[in-house]
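Asker: So the sequence lines, in the order shown, correspond to chains A and B.
200 is the number of the first residue of the first sequence in this note's numbering; add one for each residue after it.
200 is the number of the first residue of the second sequence in this note's numbering; add one for each residue after it.
The set of hints was computed from the structure by calculation and includes no laboratory data.
Be aware that a few hints might be false.
Which copy? The list can't say, so a pair holds if one copy fits it or any two copies do.
[Stated by the list, open to error] Computed list of lysine to any residue pairs in SDA-like fashion (alpha-carbon distance at most 20 Å, straight line): (1) Lys208 / Glu696; (2) Lys455 / His269; (3) Lys943 / Thr373; (4) Lys364 / Lys879; (5) Lys489 / Leu827; (6) Lys773 / Asp661; (7) Lys627 / Asn825; (8) Lys801 / Gly649; (9) Lys778 / Met788; (10) Lys620 / Asp534; (11) Lys484 / His372; (12) Lys482 / Glu332; (13) Lys943 / Pro796; (14) Lys570 / Val937; (15) Lys801 / Leu650; (16) Lys735 / Asp663; (17) Lys958 / Asp367; (18) Lys956 / Leu571; (19) Lys616 / Glu737; (20) Lys892 / Pro906; (21) Lys482 / Glu371; (22) Lys365 / Lys958; (23) Lys425 / Val272; (24) Lys341 / Glu353; (25) Lys355 / Asp330; (26) Lys697 / Ile834; (27) Lys697 / Ser774; (28) Lys958 / Arg940.
Protein chains: 2
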Amino acid sequence: MNNMKYVGKETPRIDALPKATGTIKYMSDLVFPEMLYARILRSKYPHAKILKIDSSKAKALPGVVAVVTHEDVPGVNGFGIVVPDMPVLCKDKVRYIGDTVAAVAAESEEIAERALSLIDVEYEPLPLVEDPEKALLENSPKVHENGNIHLHTEIKRGDPSEALKKADLLVEHTFYTGRQEHAFLETEGGVAFIGADGNLNVYAGSQYPQRDQLQLARCLSINPRKIRVVSYPVGGAFGGKDELTIQPIIGLLALKTKRPVKITLSREESIISYWKRHPYILKYKVGFKKDGTLVVVDATLIEDKGAYSSLGGPVLNLAVEHACGPYRVDNVHIDGYAVFTNNGVAGACRGFGAPQTSFAIETIFDIAAEKLGIDPIALRKKNALRNGDLTPIGNKLTTSIGTIKVLESIEKSALWKNRNKLKLADPKKQWLKRGVGIALTYQGTGLGVGLPDYGGAILSMDEDGGFTVGVGTVDYGQGIGTSYAQFVAETMHCPIEKIKVILGDSLLSADSGPTSASRGVYTGGKASVIAASKMKEELLSKASRVMSLPCESLEFGNECLLEKNKPNHYISFKSLADKFIEEENKLPMTEGYFLVPTAEIKIEKAEGLPHHIFAFSAHLAYVEVNTLTGEVRVIEGAEAVDGGVVVNRQGYEAQVEGGFVMGMGYGLMEDLIIKNGIVKNPNFSTYIIPSIKDAPYNIETIPVVNPEDTGPFCAKGIAETVMVATAPAITNAIHDAVGVRLFKIPATPEAVYMAMKRKAID
Amino acid sequence: MNNMKYVGKETPRIDALPKATGTIKYMSDLVFPEMLYARILRSKYPHAKILKIDSSKAKALPGVVAVVTHEDVPGVNGFGIVVPDMPVLCKDKVRYIGDTVAAVAAESEEIAERALSLIDVEYEPLPLVEDPEKALLENSPKVHENGNIHLHTEIKRGDPSEALKKADLLVEHTFYTGRQEHAFLETEGGVAFIGADGNLNVYAGSQYPQRDQLQLARCLSINPRKIRVVSYPVGGAFGGKDELTIQPIIGLLALKTKRPVKITLSREESIISYWKRHPYILKYKVGFKKDGTLVVVDATLIEDKGAYSSLGGPVLNLAVEHACGPYRVDNVHIDGYAVFTNNGVAGACRGFGAPQTSFAIETIFDIAAEKLGIDPIALRKKNALRNGDLTPIGNKLTTSIGTIKVLESIEKSALWKNRNKLKLADPKKQWLKRGVGIALTYQGTGLGVGLPDYGGAILSMDEDGGFTVGVGTVDYGQGIGTSYAQFVAETMHCPIEKIKVILGDSLLSADSGPTSASRGVYTGGKASVIAASKMKEELLSKASRVMSLPCESLEFGNECLLEKNKPNHYISFKSLADKFIEEENKLPMTEGYFLVPTAEIKIEKAEGLPHHIFAFSAHLAYVEVNTLTGEVRVIEGAEAVDGGVVVNRQGYEAQVEGGFVMGMGYGLMEDLIIKNGIVKNPNFSTYIIPSIKDAPYNIETIPVVNPEDTGPFCAKGIAETVMVATAPAITNAIHDAVGVRLFKIPATPEAVYMAMKRKAID
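Just chain A, same shape as in the assembly (with noise of 0.2 Å):
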């Protein structure tokens, strides 16, 4: 890609200097004229049935303007992207503690949080759902009337129950996954308001404004093209921001009310409330021969769903999918269910299973490494997916497979190489125990089959000669605008300060499906390379009839066309402009839609299995455990990405930094504990996450080229790749340090130090 001018060029941010001066407006930083503030009254008890609700004061309360609730809702009382089971307000039932009940708009918080106070429910608590375990017995009280299980999943290939007694070493284990929080900088929240057309407006920061688009019309039986929601700028998701939150309340009390309406939630209540990565409990038998060969695994999945469908069951397929790490084995059990409970709710976030499963097959791949004398890159390698295999489960791989390709880059790291150097202690503090430890992962990219799964771009020509392309996703920080401003400047031979990107508005930029699945790159990058090649044929066939000259003769320069061999013959992009001004009296439009290329089969019952394309990582970390407290830092790290190509080497670095520490918060710190229902660490000062403090010195970013065809200049996407394999990287480590595996994670320093206690003893 040497010939590029944009494309794998360290390329700055397109929005680094809004962002970096504070131009940019969030939702919070919007404020209309006659603007109302909401406040929502949320559930008491984690389950319980409601038996009355009585607003009759809180509406009396001086400056409230509205109070709903459940019989306020004009639609389907109920939202979900898969299954619409979340209530907008709570009829008869709660479910989980940060369930909505009631909500005010009054002319200032203060008086809407009064309001709250005012407001009568009278309860029947309900027999609490903690454990998923049990929650799956047919004796357990149930969340939803229909049972505890939202979803089964189980795939089987080969005689995985005779592997298992031939196998020479079976691997036998049970892993636990924590709650992780998203921790995004900005907390859900957002504006409602009627517009002068009379269509409702939502700004609220979102993965996919099309989609919460078509949820709020369901929910307030409004015909969809009169909603318009824009979900740009957002700062942060993770996943956490793919299902609708705050904005079913504020769209009902803006249409109630007919004022602007604004909620911004404090960090508590968007921890206590929404989204969470789902926990889970993995269950985990796995066989090699003498040699090596991974010959069957056999597993459970259970996942703590909370109390909403949400994302879950997509959730558990993409873990059932990933149960087996990237190798091939003939074997293949996996038996998942996304389980019903109390706890709070659960859906996507960044991995969206894979790095549950990634914790329990990498710590497995380095016990059997251990046991087996065999180095634990030579036994990945060993195992390793290549094109033309079948995945564990039955997929064959024809697209690029970049496994081989990132253990032979991480091998060469400096890291890897010198690890027995590194390992040794500091002679004076004998009691700081350092080790190296790998994990490799993959992460399907896109929705998988039998999902639509597609990218959109509309490209408009601008008066200046420059160009606008509106795209759907969003640009949450992960860099997606700048990669689409890269790839139109790129194809149009312009230069990139006169593209300009609309993202997430349903109105202006076309659908390009969820922000998520890592798929942002690939489908709106191609939608806008599809779009932008048809804007070169709209300029190419002005041009020639302008210039009176056959296309076949002209090409492109740089913002301009112009004969071939003849470089002072040439007509530039501002000049077509004002020629298309003046014969169309309009500019140019293009739109490019994208098909996502899927897998030649479909796994039966399994929506969205299996997928096609997939980016890969080699993860490396190296710590140091402290044997006094058994406290772990991470001096450093380093991983080796195929995520295709490199669009923007700056993007790809701070994707990598990002994703690492997020996985390093994952399994050393990351947990919210929800015991009887009730949040125990609902805000930073309890529910920790990594600081700059933390993060290691340095991490070592590892590009490794593998170029998919089907993606925009060969680009796949690597924004979860990057995070999931990081923990079990992390623990492999801590027990090259001291000899002890990790089964649970975060792997706190209590249970390190609880471990090491016990393996004294062993």
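Since the structure of chain A is already known, use the hints to place chain B on it.
Answerer: Only chain B this time, still in chain A's reference frame:
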């Protein structure tokens, strides 16, 4: 007990001679005039709807006298000791492959057999419930309408989750135990006929004639007084004849045909159709302090109930009670599920839930001893329950507690003292490795709190001056008939030859509860002693009048009453009998009833818990493992057993030896394999039990005297405890020999071989 003549002495079995000479008549030896032969049509599918049954062709076959289906059952079409959910003849659904659909009575077995093939049954197969863990889930197909959870028992003490976190050593494993066949010598069979008095007589070996009588009355809609059940002699039972089997069918056919009807099951039909030991899945987490103190047991027990209830609930409760072994522990969480499946049927079997949990907890103690570097006996002593302690489920021990005594006794055995020397392999056969293993256990005697638990005996004087004692329990090989004779002879000062014993007859023997739960000697024995004491009063009073002497000056001598200090002035029992007939025209008869003392607390929702009286045993196994094949030979065994006192040394040794070998089968060989609802090894050529060639050349019996004041002559019972811990003693010995742990029994050669192979890799 040195001053005794019979109790505590080696006494030949009273049934030795008739059994050895073949003069005793078992049910299959009975032939009546005009007798018909019955055969049963069993289900073709393990789970199916019955759409139609057409028996017209069978009825038309010459020689067929009756064909019965569900339509012919006059009473409740169901039986079962706890819940009558097993149909006499299935109506609309079959739930396992042995379920009864129709039955034929014909002039010969051949005709009956042919008739079965002429019965047309139309089925609609239903999805199978095979895996008891999956059967628990709410989305599982259901074996019974009310769901697959037959019983859920949960017991919690202290703070187990906190204790698990703080334990210095955590041992966590999942254990699996096999489905053991009782393998009694005499298969299920019997004869039913209508007697001259018009009453229904059912002669079929079983464990509790009075309960059979009531169950039959309910099914056949007859006053129980019009039914006589004779359940003795019985050629072995081990719990497998506690529940009804073929009795309702032959009873029904006898009523229908007014002729005697006989059935004797083939071995295959016996194995396929009736009760087995429940397979268990046992998930244990056990914590110890560094010094060996047991601090917490957290266990989930899953019982594969098979298709019908029978005694699966009580078995589960006993498993829950015994889940921690005979050890003190303050933090306990035991969660037990008895789960319906289509895997045959399971019910009572010697040990009744304890062998399953003993395998788990005694393996864990062995692991802990190894890891903590503590001698395995010392570790058990440290934690052993003692008098005054609370049991794991919170019951205060106030009866005779033998843990320390049996451990001290086994510690002095040659096998234990010389174990290091015994471990040495034959230098010429280095592939044969040897080891010694220990396990400790206990077993509740009787039915536990809240269930009617009593002994009863009728004692009558005979014309010859001897006595006849009638007890409803049966002697199915364990020797209780001889014990009762000993107790009566000893109490009455009468030679044992003159004591007759009537067992298992609903008409002639007193209701003494079931012959199960190690309770035969204790309950019926105590009742016999009470009846004998009353008889002595009758004799004393009669002698006093006959001899014109005050009672105070008389005492009992050998078969007589005599004047104290005047040995020549006496009246013999024979003369007393004559006097009774002369004066009263009848011989004296007394009854003894005895209510089993129970624990002071009652565990809510856990019927039968806790127990009050316990037997204890420590088991040793000395094994040789063939490292080339995985075969395990048990060279020698030893058991130190606290059964209160030894009633009969011969019977005691036979119980210990028999129990050890049955436990050996359980630990090494026996598992009835059911796949897709079909029994894969339904005969003794494929279901292998230990033969005399497999039995150890010596099993040392070490009786530990620990008198239980409430028992007859201070005896308890040893029937189950002697079998319970043999399997873990053997698997612990295998570990001692070759260093591998078995978490699943039976430890077949394949399993041991694979474990060694894997160990070599570890």
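Asker: Quick one: Lys355 to Asp330, C-alpha cut-off 20 Å, is that within a copy, between copies, both, or neither?
Answerer: between (26 Å within a copy, 16 Å between copies)
Asker: Treating 20 Å as the Cα threshold, decide for Lys364 and Lys879: within, between, both or neither.
Answerer: between (43 Å within a copy, 18 Å between copies)
Asker: Measure nothing new, just compare the shortest in-copy and cross-copy C-alpha distances for Lys773 and Asp661 to 20 Å and report within, between, both or neither.
Answerer: within (9 Å within a copy, 129 Å between copies)
Asker: How would you label the pair Lys570, Val937 (within, between, both, or neither) given a Cα cut-off of 20 Å?
Answerer: So Lys570 and Val937 pass the 20 Å test inside a copy (16 Å) and across (18 Å) alike.
Asker: As a check of your reading, is Lys425 near Val272 (CA-CA no more than 20 Å) within one copy, between copies, both or neither?
Answerer: Only inside one copy: Lys425 and Val272 sit 17 Å apart there, 70 Å across copies, limit 20 Å.
Asker: Indicate which option fits the pair Lys735, Asp663 if close means a Cα-Cα distance not exceeding 20 Å: within, between, both or neither.
Answerer: within (16 Å within a copy, 124 Å between copies)
Asker: Checking an output row: Lys943 and Pro796, CA cutoff 20 Å. Within, between, both or neither?
Answerer: Close neither inside one copy (37 Å) nor across copies (47 Å); limit 20 Å.
Asker: How would you classify Lys616 and Glu737 at a CA-CA limit of 20 Å: within, between, both, or neither?
Answerer: neither (54 Å within a copy, 98 Å between copies)
Asker: Checking Lys778 and Met788: alpha-carbon separation at most 20 Å within a copy, between copies, both or neither?
Answerer: within (15 Å within a copy, 127 Å between copies)
Asker: What label fits Lys627 with Asn825 when the C-alpha limit is 20 Å: within, between, both, or neither?
Answerer: Within. Shortest intra-copy distance 13 Å satisfies the 20 Å Cα cut-off; inter-copy 51 Å does not.
Asker: Measure nothing new, just compare the shortest in-copy and cross-copy C-alpha distances for Lys943 and Thr373 to 20 Å and report within, between, both or neither.
Answerer: both (9 Å within a copy, 17 Å between copies)
Asker: Is the C-alpha distance from Lys958 to Arg940 at most 20 Å within one copy, between copies, in both cases, or in neither?
Answerer: both (9 Å within a copy, 19 Å between copies)
Checked against the numbered hints listed earlier, the structure breaks hints 10, 13, 19, 20, 26; every other hint is satisfied.
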